[in-house]
Every structure is written in C-alpha cells, then in structure tokens.
Amino acid sequence: MLIEIKNLFVKVEGKTILKGLNLSIQKGEIHAIMGPNGAGKSTLAKILAGHPSYVVEGEIWFKGQNLLEMEPEERACMGLFMSFQYPLEISGVSNSQFLQAALNSQRKSRGEEALSNEEFEALLDEKMKAMEIRAEFKTRSINEGFSGGEKKRNEILQMALFDPALSVLDETDSGLDIDAMKIVANGVNRMRKPENALLIITHYQRLLDYIKPDFVHVLADGKIVRTGGAELALELEAKGYA
Amino acid sequence: MHSLEAHFQTLPKDLLQEIRKKAWSRFSEVGLPKPKQEAFQYLPLQKLEISEPSLRKVISKEEILPHILPECKNSHLVFVDGFFEEDLSISSLICQPLDQAMKSYGLFLQNRLKSSLKTEKDPLALLNSALQGKALFLYAPPQTSPEEKIQILHYTTDSRSTFPRIQLYLGKNAKVSLVQTSFSKVDKGFSAPLIDAALDEGASLSFCDFSELPANFQQFQAFRASLKRDSKLKTLTFTEGSLIWRSSLEVALEENGEAELLGLSYLKGSRQAHIHALVEHMAPSARSRQHFKAVLDDEARSSFEGKIFVRPAAQKTVAYQLSNHLLLSDLASANAKPNLEIFADDVKASHGATTSQLDEESIFYLRSRGLSKIQAKRYLTLGFCKEITDQIPFDSLNARLAYA
Chain A
1 MLIEIKNLFV KVEGKTILKG LNLSIQKGEI HAIMGPNGAG KSTLAKILAG
51 HPSYVVEGEI WFKGQNLLEM EPEERACMGL FMSFQYPLEI SGVSNSQFLQ
101 AALNSQRKSR GEEALSNEEF EALLDEKMKA MEIRAEFKTR SINEGFSGGE
151 KKRNEILQMA LFDPALSVLD ETDSGLDIDA MKIVANGVNR MRKPENALLI
201 ITHYQRLLDY IKPDFVHVLA DGKIVRTGGA ELALELEAKG YA
Chain B
1 MHSLEAHFQT LPKDLLQEIR KKAWSRFSEV GLPKPKQEAF QYLPLQKLEI
51 SEPSLRKVIS KEEILPHILP ECKNSHLVFV DGFFEEDLSI SSLICQPLDQ
101 AMKSYGLFLQ NRLKSSLKTE KDPLALLNSA LQGKALFLYA PPQTSPEEKI
151 QILHYTTDSR STFPRIQLYL GKNAKVSLVQ TSFSKVDKGF SAPLIDAALD
201 EGASLSFCDF SELPANFQQF QAFRASLKRD SKLKTLTFTE GSLIWRSSLE
251 VALEENGEAE LLGLSYLKGS RQAHIHALVE HMAPSARSRQ HFKAVLDDEA
301 RSSFEGKIFV RPAAQKTVAY QLSNHLLLSD LASANAKPNL EIFADDVKAS
351 HGATTSQLDE ESIFYLRSRG LSKIQAKRYL TLGFCKEITD QIPFDSLNAR
401 LAYA
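Residue numbers (my numbering), protein chains in the order written: chain A, 1 to 242; chain B, 1 to 404.
The set of hints was computed from the structure by calculation and includes no laboratory data.
Backbone N, C-alpha and C define an ideal beta-carbon position, used for all residues, glycine too.
Each hint should be verified, as a subset may be incorrect.
Just the calculated beta-carbon pair ranges, DEER-fashion [to be verified]: (1) B:357 to A:110: 28 to 34 Å; (2) B:10 to A:144: 57 to 63 Å; (3) B:185 to A:57: 55 to 61 Å; (4) A:118 to B:35: 53 to 59 Å; (5) B:35 to A:125: 31 to 37 Å; (6) B:35 to A:149: 53 to 59 Å.
Keeping only pairs whose Cα atoms sit at most 30 Å apart, straight-line, the calculated BS3-like set for lysine-lysine is [to be verified]: (7) B:386 to A:138; (8) B:149 to B:21; (9) A:11 to B:373; (10) A:15 to B:373; (11) B:103 to B:149; (12) B:373 to A:127; (13) A:108 to B:21.
Let the sequences and hints guide you as you build the complete structure.
And the structure:
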C-alpha cells in the first residue's frame, strides 16, 4: 500500500470539513475524487501536502510512515507531490533557481548528490520542452505574470522534475482550455510508472477522458460516499451528484 | 559639546577657516538633534554620544588593501579616521585635499560651500562642515567618463568621532560611478560623513553606498546633490544599520534633471536604520523616483521620511516615492512618513508605503516542493529585496550580501 488514509477528520476555524474519510491507494493505481463544491476535496489535497492551518485527526500512512507527523518538506522529499489548484506567484525568485533548489533539497534527503548547474539545466530543458513551456519562463519569477494555463503547466513540470511516488492533482484541469489540457494530460501520462500512483481531484469528468482512472470516488459532506470504476465518472457527468 | 568646541578651536587657519567658523556658528544655533524634532523622532537619541574628534593617523597601504573592491584596484580614495589620505589613494579623476583645492578652484568652491551651508539644516551635516578632517575635492572635468568605478573607503581605527567630507564636482557631460564602503576596526564609534555633489549640465553620477558597520556604531551620514539641467543622479543606499544609523539625502533638480534614489535596509538584532530623503524640483520637466525597502528581523527598527517638494516653476514634474517594509519578527517595527508639497499645477506625483510579513501560503508552497522553512523564508526575503539588489552595480558587493 502506497498510502492509507484512515478515519480522517479535519477542522478549520471550528468547522469540520472532513468527517471520517477512508482511502487507500496502491502503487500503479490512478484514483479520481469527484464531488460537489465544498465537499472537502481541496482540503484533502492540502492535508496530504501538510498545510499547517488545519486540525487533523485520524491516520495517514505513506510508504509505511506516519505522514501526519511530517513537515511539508519532509513529505515532498519522501515523494509526495501536490499540484496546487491556485499556484502561488512569488516575485523576485526565478523559476529555475527555485526548481533547482527544490530538486536538490529532495535529492539530498535521499542521499543523492545535488545536480550541478549544467546537469540541472539539461534536465529542465528536456522537461520544459515536453510540457511546451517557453525557455524564457526559466528566468521569470515563479508563476509571476503566467496565465492560468501556464501556471498549471508549471505545476506539472515540477511533477516531471521531482518524479514523485504519489502525485495529488488538485483541480489541475480548471482554467485549462482543451489544448492545454491535452498537454497537461500527456505530460501526466508520460510519467506513469508501475511504482507511482496518482490521485486526481476534479470537478468534471473531462480530464478523465485523457487520464483514465482505475477508481472513481465520490466525496460528499466530508466522506467518500461511493466508489466505482471509470464508468462512474461518466454517470456522474450525466446525472450529477444528487 | 565642550570637547567638540575645544577641538574646533584647534583646527588650522587655512583657506577653509572662514567656512568652518560659519558652520560652527550655524551648528551652535541649531544644536544637537532633539527627540521632539520631527526629523529625529524615531531615533534612539538617548544613546547619542559624540566622542572627541579623532586625529590623523598614518597607516600602510597593505593595511587597507583587503578592503579595496576588486573592481576598484586602480581607482580608490581612502579616508582614515575621517582624513583623506592622498598617498593611499589612486584615481584618474582630479582628487586633492580640499584645502589645497581652495587655491586652484577657490572661486567655485567658496561659492558652493557657502551656498550649501546657507540651506543646510541638518545639525550633523553642519557639524561635518565645522569639524571636517582633511576633506577631499573630487573633480571630473567636462566630457570625461572614467571607465573604472571609483571606491571611497572610510577606514576607522579608533572610537573617536570622525567627520569625513567629499566635495564632488562633475563638469558638463561628465559621467562618474562611485561606491562608498566603510570598515571599522573598533566596534564602537561615531561618524558623520558628508558628500556634497554638484552636477553640471548633462552630467551623470551613480552613487552606491554600502554600509556594513559594527552593531554599536553611530552613523549620521548626509548626501547633498544639486543637478543642473539634463543631468542625472542615481543613488543606492544599502545598509545593515547599527546602534544609531541615519542617512539624509537631499537632491535639488533643475530643468529636465533626473534623480533616482533607491535603498535597502537589511536589519537584524537591535540594529536601526533611519532614512530621510528630500527631492526638490526647482525647474520644469524634471523626474524623480524614490524607492526604499527595508527588511526587519528580531527587534530591529527603521524609519523612512521622504519628501517631494515641487516649486511653483517646476511644471511638468514627474515624481514618485515608495517605501516597502518587510517585518520578519513581531518585535521589529517600521515607520514611514511620506510627504508631498506641491506648488505647481501640472505635476504627476505619487507616494506610497507598505508594511507586510512573509506570506504563509507562499512559505507553504515552497515547503511543499521540498525546501525547508528556513530556505523558504530566505527565498521570499531575497525575492523582496531583489528589485533593489538587482541595481547594485558591483558583482563583488552583490556577492557580499551575506544573506544571499
């Protein structure tokens, strides 16, 4: 088991958002979580990444370790990646400087040597080309002045660089036009490996046309209320969540 | 005060004597800074201590060499304890002790010194005029533009007070780039340096002031510039602050002049930095921009008091002023006081001040990619500074920014 979430309760500012959520993901699997607005989908993504402003009860085991005891950076270094629904703009820090520091920090934690500037540049160029991101984005500040679609592509570029064991994509399809979604989906599909897994959080079924899930879960009122195969997404699209 | 006056009485009867006397009498009228004065209200004046003025001391070239920037090996001007030392200095511009220069450039200098004195209100700048050690006259003749950047080094060897002074004159279309650095061998001291710059038509001056002083140092520095038509000034004030640190910048612009005053204060511990900036638009079509940033950690304090003054004749003025403060600790505090006084009607002017903390969501974003909390904060802080640090014209100084 790659990740096991047991009886997860989450509160923020006194309000309970997740109410006993259970979910297990094996290596090689793709899971999709769908659900109405306010069901707690994005909260789940943030909890997995270690966002500090939530009160969390329950258990999360990632690669056999207690995820809830880990700092956000420790989770990243262990191979957990969360693609932000709204990636932050950070002025004054160049995209490539940040990516190199982040990648080398992760490598260091695994006892691997840091990539030299040349090695990193070569890797970054290759991944950027695959994500169809223009070279000038390297020197620009993180996400600053990027369009919504460019920000999402930049997230998937990071996923490609870090090669995480579990990627949580939080509404990566929102704000993408159909061409951008294909680029993102192709990028995600290229990274698939038997030892990695994906958790896709989405509102709509359309991304799942390009990245085919093994399991679809419906999250409503803080719990998973239904689980099925890929066909469940089509049914939800046709009939709604009600 | 008594030791200062006693010292004043011992100064030589040279060609500067008359100016010194005038300055001393102006200083006596004005007196030392008082906490109730607006210009000094944020300073910890109870700690102000002006020690007895220092005397000239001979040191070797070897001793100062480690403090010369690699870019300035062949162009540096050295002050030791406030005294300009010709033998330790090298420059392709005309540089002489001011008392000597009074012989060859007497008329120009007399006029300049007198008119500067007349408008000067800052007590420490007046004290500088009265007690200046061996001052430097630096002159870039018309049309000259030396390739090398010129370093001014203030080298302090003991804790007595110093009053280094530079009279700078750029002839028509001359172009000069200066960087001022300081080094103190002692951890306590007092210094009130002053640069008085006159830019003739079409001249261009870049002045980068890099202040890394010991924590217990007291520094009151002043920079004065008058810009004739079509001339340009860019100043960059970088400081780590100290026990008391204040920089007063005053610039007067004539027609089509351009001034850009930038600054970054990076303060830790209980260090302080206080900046006073005044840009006076005297004539039409001049442009000015003030942008000062401060990062405050621990119990650091800062203040920024900036003023744009537009005279009735100065139509078509464009003047901007902005100060941004980043507080890294709950105990740090920053004050900003923007001021606009506009007496012309066709003017574009604005001012703004912001105070912020590091954004928690941004920290989380960086951490979620594998950077430690410390790294994430450092990146965000560097990002805040970058707009200003990008403007530092010296690679060696950029590399020295210890937090980078």
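Quick rundown of the hints versus the structure:
For residue 357 of chain B and residue 110 of chain A, the Cβ-Cβ distance of about 33 Å falls inside the hinted range of 28 to 34 Å, so the restraint holds. A hinted range of 57 to 63 Å for the beta carbons of residue 10 of chain B and residue 144 of chain A is consistent with their spacing of about 59 Å. The given range of 55 to 61 Å is respected by residue 185 of chain B and residue 57 of chain A, whose C-beta atoms sit roughly 60 Å from each other. Remark: the range hint 53 to 59 Å for residue 118 of chain A to residue 35 of chain B is upheld by a beta-carbon distance near 58 Å.
At about 59 Å, the CB distance of residue 35 of chain B to residue 125 of chain A disagrees with the hint of 31 to 37 Å. The supplied range of 53 to 59 Å is met by residue 35 of chain B and residue 149 of chain A, whose beta-carbon atoms lie about 57 Å from each other. For the given pair, residue 386 of chain B sits about 16 Å from residue 138 of chain A by alpha-carbon distance, which is consistent with the 30 Å threshold. Between residue 149 of chain B and residue 21 of chain B, the direct Cα distance comes to roughly 35 Å. Violation of the 30 Å bound is thereby established for this hinted pair.
Restraint check for residue 11 of chain A and residue 373 of chain B: the C-alpha separation of about 24 Å stays at or below 30 Å, so the hint holds. For the suggested pair residue 15 of chain A and residue 373 of chain B, the alpha carbons sit about 27 Å apart, so the restraint of at most 30 Å is met. Restraint check: the Cα-Cα separation between residue 103 of chain B and residue 149 of chain B comes to about 28 Å, which is no more than 30 Å; the hinted pair holds. About 27 Å separates the Cα atoms of residue 373 of chain B and residue 127 of chain A, which keeps this hinted pair within 30 Å; it holds.
Distance hint between residue 108 of chain A and residue 21 of chain B is unfulfilled; the C-alpha atoms sit about 66 Å from each other, more than 30 Å.
In terms of the numbered hints stated before, the structure departs from hints 5, 8 and 13, listed from lowest to highest.
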